[in-house]
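Chemist: What follows is the residue order along each chain.
2 protein chains.
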Amino acid sequence: MSNTTSLDAVKSSFHQYVYDLQEAITQEMLAIDPALKITEDNWERKDFEGNDGGGGRTRAFSGEIFENAGVNTSLVHGKVAPDFAKKIGGTTNDMWASGISLILHPHNPRVPTVHANFRMIQAGDKFWFGGGADLTPFYPHTEDFQYFHGVWKEACAPYGTYEQWKKKCDEYFVNFHRESEMRGIGGIFFDHFNTGDTEKDKAMVCDIASHFIRSYFPLVLKRKNEIFTDQDEDFQLHRRGRYVEFNLLHDRGTSFGLKSNGRTDSILISLPARCKFTYRYTPEKGSPHEEMMKYYLPQDW
Amino acid sequence: MSNTTSLDAVKSSFHQYVYDLQEAITQEMLAIDPALKITEDNWERKDFEGNDGGGGRTRAFSGEIFENAGVNTSLVHGKVAPDFAKKIGGTTNDMWASGISLILHPHNPRVPTVHANFRMIQAGDKFWFGGGADLTPFYPHTEDFQYFHGVWKEACAPYGTYEQWKKKCDEYFVNFHRESEMRGIGGIFFDHFNTGDTEKDKAMVCDIASHFIRSYFPLVLKRKNEIFTDQDEDFQLHRRGRYVEFNLLHDRGTSFGLKSNGRTDSILISLPARCKFTYRYTPEKGSPHEEMMKYYLPQDW
Chain F
1 MSNTTSLDAV
11 KSSFHQYVYD
21 LQEAITQEML
31 AIDPALKITE
41 DNWERKDFEG
51 NDGGGGRTRA
61 FSGEIFENAG
71 VNTSLVHGKV
81 APDFAKKIGG
91 TTNDMWASGI
101 SLILHPHNPR
111 VPTVHANFRM
121 IQAGDKFWFG
131 GGADLTPFYP
141 HTEDFQYFHG
151 VWKEACAPYG
161 TYEQWKKKCD
171 EYFVNFHRES
181 EMRGIGGIFF
191 DHFNTGDTEK
201 DKAMVCDIAS
211 HFIRSYFPLV
221 LKRKNEIFTD
231 QDEDFQLHRR
241 GRYVEFNLLH
251 DRGTSFGLKS
261 NGRTDSILIS
271 LPARCKFTYR
281 YTPEKGSPHE
291 EMMKYYLPQD
301 W
Chain V
1001 MSNTTSLDAV
1011 KSSFHQYVYD
1021 LQEAITQEML
1031 AIDPALKITE
1041 DNWERKDFEG
1051 NDGGGGRTRA
1061 FSGEIFENAG
1071 VNTSLVHGKV
1081 APDFAKKIGG
1091 TTNDMWASGI
1101 SLILHPHNPR
1111 VPTVHANFRM
1121 IQAGDKFWFG
1131 GGADLTPFYP
1141 HTEDFQYFHG
1151 VWKEACAPYG
1161 TYEQWKKKCD
1171 EYFVNFHRES
1181 EMRGIGGIFF
1191 DHFNTGDTEK
1201 DKAMVCDIAS
1211 HFIRSYFPLV
1221 LKRKNEIFTD
1231 QDEDFQLHRR
1241 GRYVEFNLLH
1251 DRGTSFGLKS
1261 NGRTDSILIS
1271 LPARCKFTYR
1281 YTPEKGSPHE
1291 EMMKYYLPQD
1301 W
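Residue numbers (my numbering), protein chains in the order written: chain F, 1 to 301; chain V, 1001 to 1301.
Chain F with its partners taken away, still in its complex shape:
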C-alpha cells in the first residue's frame, strides 16, 4: 500500500470487524443460553512510556449451557520495550495490534469446548495477521469433528490454506509433556501471515473469521440437550485439566501476555470453571472416552 491513509483505513476496518464479531458471537450465545450472565469490562492500558496505549473490551460469561466463557477484543498501540520490539521483529519501537480472542467451556461434556482468535499486528512498518480456531471435544462424535473441520476447509478453500493451517494447528496445540497428545482435535492455526498486500490479507482474514459462528454453534444446538453420564463429566473435567496444562505451560499468547504485564483476568479467562487432576489418569477400558483419546492425535477429518 502506498499511503498512511489507506493503512489506517485497513487497521480501523479490521478492528471494526473483530469488534462486530464479538457482538455477533455474544448474540449467538444469548440466543442459545437465555440464562447467560455477561460481565463486561472495558479496560485501558499505558504503553511502555506511560502514554495512552489503548485497551480492550472483555466479556466474561456464565450460564446454563456455557459454564464459563470469555469473548474479548482489544486494540492496543504505542511504544513497546526495545527488547520486545526486537523479539517480534519490529523495525521501530512502535506497535499496534487489534484482535478477538474467545474460549467457550460448555457445561455438558457432549458439547465441545472451542477456542478462536484473529489478530492484526503492526510492528514498526511491518504488518501481519494471525489466528485460528480449534475444537476440544470430550465425546467421540466424529461426525461433529468432520463438520467443524469441513467448515474451515470451506473457509480456506478460496485461498488454498487449509492443509497448511490445519497442520500448523496440529503442531501447535500439543501437550509435549504428555507424549505429544493434542489438547483437542485441532482446526486451523496461522501466524505471521503477510502476502505483501495488507488490504487483501485483511479481507481474507475477515472472510475466514466470518466462518466461526457456523463452525461451532450448530454443534452446541445439536448436543446441548444430550443426556450425559458421571463418567462423561469426569472425563471432561480431566481433559479440562490438560487444557489448563497446555494454556499455562505451552501457550505462547498466555505466557507472553502475562510476562508483558497484560491484563491477567482477561488472559486467564481461558481457564475452565472447574477441572480435575488425577495421578496417572486414564479413561476406563472400552469406554467412549478411551476411544476419544485416539482423536487427540493428528487425523484427517
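Source of the hints: derived by calculation from the structure; they are not laboratory data. It should be emphasised that the depicted structure is a prediction, and the values quoted were computed from it without experimental measurement. Keep in mind that the hints are not guaranteed to be accurate.
[Claimed, not checked] Distance windows between CB atoms, simulated:
id	chain 1	residue 1	chain 2	residue 2	range
1	F	K37	V	D1020	51 to 57 Å
2	V	D1020	F	S180	35 to 41 Å
3	V	D1207	F	I88	49 to 55 Å
4	F	P158	V	P1082	45 to 51 Å
5	V	T1092	F	F193	42 to 48 Å
6	V	E1179	F	G50	15 to 21 Å
7	V	K1046	F	P158	45 to 51 Å
8	V	L1030	F	Q231	26 to 32 Å
9	V	G1150	F	H192	52 to 58 Å
10	V	F1256	F	G150	39 to 45 Å
11	V	K1046	F	P34	56 to 62 Å
12	V	G1150	F	Y281	33 to 39 Å
13	F	L297	V	K1046	20 to 26 Å
14	V	M1293	F	E226	38 to 44 Å
For every residue, glycine included, the Cβ atom is placed at its ideal position computed from N, Cα and C.
We have chain F; now place chain V onto it with these hints.
Modeler: Using the frame of chain F, we list chain V on its own:
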C-alpha cells in the same frame, strides 16, 4: 572433604535419609487417614547418553482426609546435556541428585495444603543442597501459621538461617501475575546451599528436614474434623486454582522437570484433585476468606 569414599558415604547417607523420611511420612498419613489408598511406582530413567541414570519411588495417595497427595523420592545420576551442565554450573557433564518432594492436598478446607522438598545435588565436583517447606492454608487460623513458622524457626535456630530462608520463601512462591500474591503463607526456602563442608551441610539439612512431620501433622489432627461450609470449599478450590497457576507458570522445578523430559506424572502429582477458576474471583466481603487474603502477603509469624 578429602576423598571419594567419604563423599560417596555422604551421598549415600543423604539418600538413605530422604528414603526413610518418605516412609515415615507415609506412616503418619496412614495413621491419620486409615482410608488412604497408596499407588507406588518405582521408575527408572536413562541418562543423556542412554545409560542407566537412576530412578525414583513415587507414592500417590488418595483418601478421606488427604484428597490427593504425592510423596516422591528420586536418586538420579549420569551424564547430562552439555547446555544443562553449563546452566547448573557443573564443572563436568556428570550429575548426581537425590531428594524428597511432597505435596499434600487435604479435603477439608480448614486443613492447610503443604509442600516440602529437600535435595542434594552434585554437578561435576560441586555440591549443594536445596529445599524448604511452605504452607497453603485456606482459613485464617493464624495460630496455625504461627505454629508452622515456629517449628521452622526452631529447626533453623542452631544454624541461624530462619530469617534469610523465610524471606527467600516469601520471594519465591509468588504469583507475579496476580499482583504478587503468594500461593500460601510461606515457610522456608533455600537453594545452592554449600558452606564448603559437605558432610556438615548434609547433617544440617537432614536435621532441618526432620522437623517436617512435627511442623504439619499436628495441624491436620487439630483441624481434620472441623465443620466447613460450602463457601470455605469454594474459596479453597479457587485458591487451589492459584496453586496450579503458580506451579505451571512460575515453579522452576516443574518447568525444568518437564523440559528436561522428567517423569510427567511424578512432577504433576503436585496438582490438586479438583480446582476452580472464575473470572475476577474475589471472596465475599466481611468473610473469613477475605481476611485470609491479607495473609498471602509476607508477614512476620
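Chemist: Does the Cβ-Cβ separation between K1046/V and P158/F fall within 45 to 51 Å?
Modeler: holds, 50 Å
Chemist: Is 42 to 48 Å a correct range for the gap between the Cβ atoms of T1092/V and F193/F?
Modeler: Roughly 47 Å apart at Cβ, these two residues keep to the hinted range, so it holds.
Chemist: Go ahead and decide if the range 39 to 45 Å is satisfied by the Cβ distance of F1256/V to G150/F.
Modeler: About 42 Å separates the Cβ atoms of F1256/V and G150/F, which means 39 to 45 Å holds.
Chemist: Does the Cβ-Cβ separation between D1207/V and I88/F fall within 49 to 55 Å?
Modeler: holds, 51 Å
Chemist: Just tell me: holds or violated, for the beta carbon distance of K37/F and D1020/V against 51 to 57 Å?
Modeler: holds, 54 Å
Chemist: Taking the CB of G1150/V and the CB of H192/F, does the distance hold inside 52 to 58 Å?
Modeler: holds, 56 Å
Chemist: So the hint says 38 to 44 Å: do the beta-carbon atoms of M1293/V and E226/F match that?
Modeler: 40 Å Cβ-Cβ, so the 38 to 44 Å window holds.
Chemist: Range first: 56 to 62 Å. Now tell me if the beta carbons of K1046/V and P34/F are that far apart.
Modeler: holds, 57 Å
Chemist: Does 26 to 32 Å hold as the CB distance between L1030/V and Q231/F, or does it fail?
Modeler: This hint holds: roughly 30 Å between Cβ atoms.
Chemist: Honestly, do L297/F and K1046/V meet the 20 to 26 Å range at C-beta?
Modeler: holds, 25 Å
Chemist: Given a hint of 33 to 39 Å, does the C-beta separation of G1150/V and Y281/F actually sit inside it?
Modeler: Once the Cβ atoms are compared, 38 Å apart, the range 33 to 39 Å for Y281/F and G1150/V holds.
Chemist: Given a hinted range of 45 to 51 Å, is it respected by the beta-carbon distance of P158/F and P1082/V?
Modeler: holds, 49 Å
Of the hints listed earlier, there is not a single one the structure fails to meet.
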